[in-house]
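A.B. asks: If you want the building blocks of each chain, they are given just below.
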Amino acid sequence: MDIQEKDQTLGAEDLEILQEVMNIAFGRAAADLAKFINIFVKLSVPHISLISKSEISETLRSELEGMDQNVSVVRQDFWGDLTCSAVLFFPAHTENEIISIMGTDELNVEFNEISTSLAQETLLELGNILIGACAGKIAQLLETNVSFSPPFAAINEPMGEAIEQMDIHESDQILSLQTQFSFEERNLSGLLIIAGQKSSFAWIKEALTKFMAQYE
Amino acid sequence: MYEEVVNFLNVGLVILDEQMNVRKWNKWMERHSNIKSSDIEGKNLFLFFPMLDNEHFNRSIKSVFTFSNMVFYSQKLHRYCFPIPPVASFRQQFEFMQQNCAIGPITPEENSNCVFISIQDVTNIVYYEDQLRDMNIKDALTNIYNRRFLDSILDREFKRHMRYKHPMSVIMLDIDHFKEVNDQYGHQCGDEVLKSFSAIIHAQLRDVDFLARYGGEEFCCLLPETPPESALLVAKRLRVAIEESNHKWQDIELKITSSLGVCTSTSKHQNASELIELADKGLYQAKKQGRNAVIVTQ
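Protein sequences, first through last, are from chains A and B. Position one of the first sequence corresponds to residue 1 (the numbering used here), numbered consecutively onward. Position one of the second sequence corresponds to residue 1001 (the numbering used here), numbered consecutively onward.
Derived by calculation from the structure, the hints in this document are not laboratory data. Hints are not guaranteed to be accurate.
Stated by the list, open to error - So, partial list: chain B residues that the calculated Cβ filter (under 10 Å) puts toward chain A: (1) Met1070; (2) Pro1105; (3) Asn1146; (4) Arg1147; (5) Gly1216.
All C-beta atoms in this analysis are idealised placements derived from N, C-alpha and C, irrespective of residue type, glycine included.
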């Protein structure tokens, strides 16, 4: 069986099933985050689309209205049957809120005056957990395992740069899984984009067929 | 079959099950923790490391069991995960080995869910980073902040002052007749005086204040969140502390005095260098008036 030779585009029906999978995956991720690690996050109904890299910035600009041109991001890639580049966007200047959510302000670490390490490392931890939770649940539902690269965080960088750094070819169509998230009782919300690489499309198609088979 | 590899790795490797029992403790961990694998394997990790039974560590482990993701325990945020001693050459500088750790899932087999923790010793990197940072921001002779660092802090604190409208003050101070100390006793003696002078000033300031060597025998104190009356009190206290202190070099004992200029930010100031300039004017007025004095400028 050679997966490469199969049809490598995703049709409307595939996207519909994927929407269902994402609803379940993100719902479970939010439930488990609350249950196991006391992070109470609301994830909006995910928006699934096939877009190009340049369209990501357009989407972001419309979704992140009211935000500065600068954003704080956590980027993490994961690979396996499902190879994706995930990026979590927060509005700029939300470091203190993030630190307070994670409770890292109580770690009593002496931070050097000239470094923004505390904010950066805290953003890394939160991003790692959120991306890990969402990606982990998607992988579980589609019955596969993924490996994670170490996450990378940047505080207050220009939005264009954040997108530029995503591991996507300019010409490629990608599968964009997008969700808005907000923290209960906190004044913090942001956007998660999981960009599925074209090379995974064939596998996704198969996995979706399998996923549907259990309901037939 | 992987046993040899696991023990040969120059990285600590620990495998834990869901009950926090240690399933694997590799040779590296044995060597650095002084705990034998035969002693700890099969037992609860918290029996050996009760301090790890904290919210953060438990949350990290649970996250990996729940989401099968990787959790990174960075040195920058946590310094270390396992409180084990550093290698002998760093025992002076560090109580515990500085570590970057990662916690990740292991594909479950035979009804047992496990996670692994990898522990990387980064003590030497942290040591060199600290050294480099110190060299960058401190004055080599007096070990207080240097001019470059002061400029960056001034800028930052002034912006904070603009944003929150809290007052900030600066004190410029200078050793009186310092040239005569150098001429009479030599530069080595002068260096000693600079050192003891900065130590005396430093001891008088709060932790939140910044003291920097501005150049030659001129120093600058930056006092965040400090209104004019308090800044004046601090300056007067500094003047007295210097006047009353004795400075020793070899068998020479000498007394010095200092002149000080104080300036507190108001809405009319545009940037931090204006404050420095004004405080500096006060300092020169103090010199003109006969030295060993404090002058406030606005």
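A.B. asks: Hint by hint, note whether the structure agrees.
C.D. replies: Now the hints, each set against the structure:
1. This hint holds: B/Met1070 has a C-beta 4 Å from the nearest C-beta of chain A, less than the 10 Å allowed.
2. Evaluation of the B/Pro1105 hint against chain A yields a held restraint, the C-beta minimum of about 8 Å falling below 10 Å.
3. A distance limit of 10 Å between C-beta atoms decides the matter here; for B/Asn1146 the minimum to chain A is near 12 Å, and the interface restraint is violated.
4. This hint is violated: B/Arg1147 has a C-beta 14 Å from the nearest C-beta of chain A, more than the 10 Å allowed.
5. The interface hint given for B/Gly1216 is broken, as the beta carbon of that residue sits about 24 Å from the closest beta carbon of chain A, more than 10 Å.
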